[in-house]
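Residue numbers (the numbering used here), protein chains in the order written: chain A, 69 to 328; chain B, 173 to 562.
Simulated from the structure, these hints should not be mistaken for laboratory data.
Bear in mind that the values here come from a model prediction, so they are computed numbers and not experimental data.
We put the CB at the ideal spot given by N, CA and C, even for glycine.
Do not rely on the hints blindly, as some may be mistaken.
As the list claims (entries may be wrong) - Facing chain A, according to a computed beta carbon distance under 8 Å, are these residues of chain B, among others: (1) F197; (2) V198; (3) P199; (4) P204; (5) S342; (6) G343; (7) M355; (8) V359; (9) V362; (10) V450.
This is what each chain is made of:
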Amino acid sequence: MSAGPFEAALRARRDAGGKCLVVYVTGGLGDDWLDTARAVAAAGADAIEIGVPFSDPVMDGPTIQAANDLALAAGATPTGILDALRGADVGAPLAVMTYYNIAFRMGLERFAESLVAAGVSGCILPDLPLEEAGPWLEAAGVAGVEPILLAAPTAPDERLPEICAVSRGFVYGVGLLGVTGVRSELAASAVEIATRLKPVTDLPVLVGVGIGTPEQAVEASAHGDGVIVGSAVVQRMVDGAGPEGVGELVASFRAALDAG
Amino acid sequence: MTESANAPLQDPSPDGRFGDFGGQFVPETLVPACQELEREFRAAWVDPSFRADLDHLLAEYAGRPSPLTECHNLSEEFGCRLFVKREDLNHTGSHKINNVLGQALLAKRMGKTRLVAETGAGQHGVATATAAALMDMECCVFMGEVDVARQELNVFRMRLLGAEVRTAMSGSRTLKDAVNEAMRDWVATVVESHYCLGSVNGPHPYPWMVRTFHEVLGREARDQSEAVLGAPPDVVVACVGGGSNAIGIFSGFADAPTELVGVEPAGGAAIGRGVPGVVHGSVSYLMQDEFGQVQEAESISAGLDYPGVGPEHAHLSASGRARYEPVTDAEVVEAFQLMSRAEGIIPALESAHALAWISRERASLAGKSVVMNLSGRGDKDVAQMMDILS
Ligand SMILES: Cc1ncc(COP(=O)(O)O)c(C=O)c1O
Chain A
69 MSAGPFEAAL
79 RARRDAGGKC
89 LVVYVTGGLG
99 DDWLDTARAV
109 AAAGADAIEI
119 GVPFSDPVMD
129 GPTIQAANDL
139 ALAAGATPTG
149 ILDALRGADV
159 GAPLAVMTYY
169 NIAFRMGLER
179 FAESLVAAGV
189 SGCILPDLPL
199 EEAGPWLEAA
209 GVAGVEPILL
219 AAPTAPDERL
229 PEICAVSRGF
239 VYGVGLLGVT
249 GVRSELAASA
259 VEIATRLKPV
269 TDLPVLVGVG
279 IGTPEQAVEA
289 SAHGDGVIVG
299 SAVVQRMVDG
309 AGPEGVGELV
319 ASFRAALDAG
Chain B
173 MTESANAPLQ
183 DPSPDGRFGD
193 FGGQFVPETL
203 VPACQELERE
213 FRAAWVDPSF
223 RADLDHLLAE
233 YAGRPSPLTE
243 CHNLSEEFGC
253 RLFVKREDLN
263 HTGSHKINNV
273 LGQALLAKRM
283 GKTRLVAETG
293 AGQHGVATAT
303 AAALMDMECC
313 VFMGEVDVAR
323 QELNVFRMRL
333 LGAEVRTAMS
343 GSRTLKDAVN
353 EAMRDWVATV
363 VESHYCLGSV
373 NGPHPYPWMV
383 RTFHEVLGRE
393 ARDQSEAVLG
403 APPDVVVACV
413 GGGSNAIGIF
423 SGFADAPTEL
433 VGVEPAGGAA
443 IGRGVPGVVH
453 GSVSYLMQDE
463 FGQVQEAESI
473 SAGLDYPGVG
483 PEHAHLSASG
493 RARYEPVTDA
503 EVVEAFQLMS
513 RAEGIIPALE
523 SAHALAWISR
533 ERASLAGKSV
543 VMNLSGRGDK
553 DVAQMMDILS
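Work out the full structure: start from the sequences and follow the hints.
Following this line, the structure appears as structure tokens:
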């Protein structure tokens, strides 16, 4: 099976000997979130996750929760965000990150089709575990969406290849026991999950959750293919740094990863 | 009486479904913990020593069996024969203790050292804090800021019992948000913590396990009502938040020709106003907007102020075995006072929902025998009622 655009971008980075950088941007947060996404791409992110706010984000810590609430209060909706993305050339492949009920409510087929129509390649649903993923994997497969699955530190060894077998785009190694948010130190589990995933898959292995600084990004990607940075970037958005300020932060991650 | 075509409540399918509802929609991090919990629960439930320990605690610590009281004064006023199952007389003041003692024993058996819980009215939090004190476990209870204010007494009780109470400041700052915070805590502490969920919602195996721990009250009520009536009652009524007290009493009568009625708050009527959705681990009816954002419930009763409902109730509603009816806050305030004055029993505001429906439906209930689950006592609500009534 040929890789979709999201996976192709990450493979290209890896094949060139680099480390992948995927950045999370909260959709609908401020009037300039789309410009922020463009700035993130221009600053060297290989691909971008657009967060579609959900009322009850159980895998998210205070930063992304607050961003969600701000966006929802400003009237952000899944269809509004996807409409904004349609035809907007952001400059990097996109995935949507949201919770299962957003897809379930719209209907899985319709949701998958609406992602494709908006030019979104991949989709991450952090409250949809492997056992419940069947209907979504099927809908995503038919529409041509890359379903990106998570692999947690608590997973027994035999579970990891099962997850990798159905994940597309990359496999999302959860870096710690906990929800999204910046931590002062990188958890040992971040390196462990990458080390456990690498031998069982050829998919790009990225680690996310708890990667808040360029130094942590370098450390976490040493044993895998790269990182996902979320809360640190979203905090900048909430602080009003604007596309330029967020772009600067992303550039510092890119530079650190390139320097190794 | 005609032979009943009704069946006992069923166990869920291997994938945790009651009909189309249920499942295990949790972050990957929690999947092994949910699977382990199911294995351990199955093993414990067929282990005579676990059952003996639980039965002993239920009898000697919680005070089971609870009586079934005939309410002569209200029966006369309504024109029916009304009995109430006295879960208010259990230790800690509600049915919640049945489930908590079961889960705490199970957590101990699994080697967990810490209990995490959510609470709305504080009754489940108090029960969990109590079990943690008894079994020498750490306890952390999440409670929405709005509920911390309106159930102040229970907050103090939990702290007195040695539990840490953390205020949930997100969203509607009520039960839904306390569940979110408890799940976030569990994701981070899953190695040492057991999530002691307080109702029949959540991911598989919780809806089934919590029901099983509450079946004791249904069995008792069946035996007690047949001893007086010589047959099962015509109608069984209970309030529904997540639905644990209701499923407990329904379980005793599901195979009888008894009508089962769940009473929801009009402002939190997941079955009455909801459509299927997925939150907190299972597919069930859910109050949500057209995009799938969960709506905030609005009820006078902190324990029922929840936009979802346990998946087995969704199934019982869809299959027609039980029906679910809304009552308004005003009707509940009325019923709270009615029961206090007529019977000398101050009910929990949650339980007063069941009475509010009976009171409203008195004409259609005339001549019938009715068993209501009095899920808890109203001491915790007295301060709130002082404000409302003055
Ligand atoms: C006395 C009492 N009854 C009922 C409930 C609602 O829960 P459930 O629907 O699970 O019985 C509560 C919850 O706090 C309660 O305290």
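Against the structure, the hints come out as follows:
Contact between F197 of chain B and chain A, as hinted, is supported at the beta carbon level, the nearest pair being about 5 Å apart and thus within 8 Å. Checking V198 of chain B against chain A: minimum C-beta separation of about 6 Å stays under 8 Å; hint holds. Contact between P199 of chain B and chain A, as hinted, is supported at the beta carbon level, the nearest pair being about 5 Å apart and thus within 8 Å. Taken as an interface hint, P204 of chain B checks out: its beta carbon lies about 5 Å from the nearest beta carbon of chain A, inside 8 Å.
Interface restraint check: S342 of chain B against chain A, minimum CB-CB distance 6 Å, threshold 8 Å, status holds. For G343 of chain B, the interface hint holds, the least distance from its beta-carbon to any beta-carbon of chain A being 7 Å, beneath 8 Å. The restraint placing M355 of chain B at the interface with chain A holds, with a minimum CB-CB distance near 5 Å, inside the 8 Å limit. The beta carbon of V359 of chain B is positioned within 8 Å of a beta carbon in chain A (closest approach about 6 Å), and the interface hint is therefore held.
About 6 Å separates the beta-carbon of V362 of chain B from the nearest beta-carbon of chain A, less than 8 Å, and the hint is met. The interface hint given for V450 of chain B holds, since its Cβ lies 5 Å from the closest Cβ of chain A, which is under the 8 Å cut-off.
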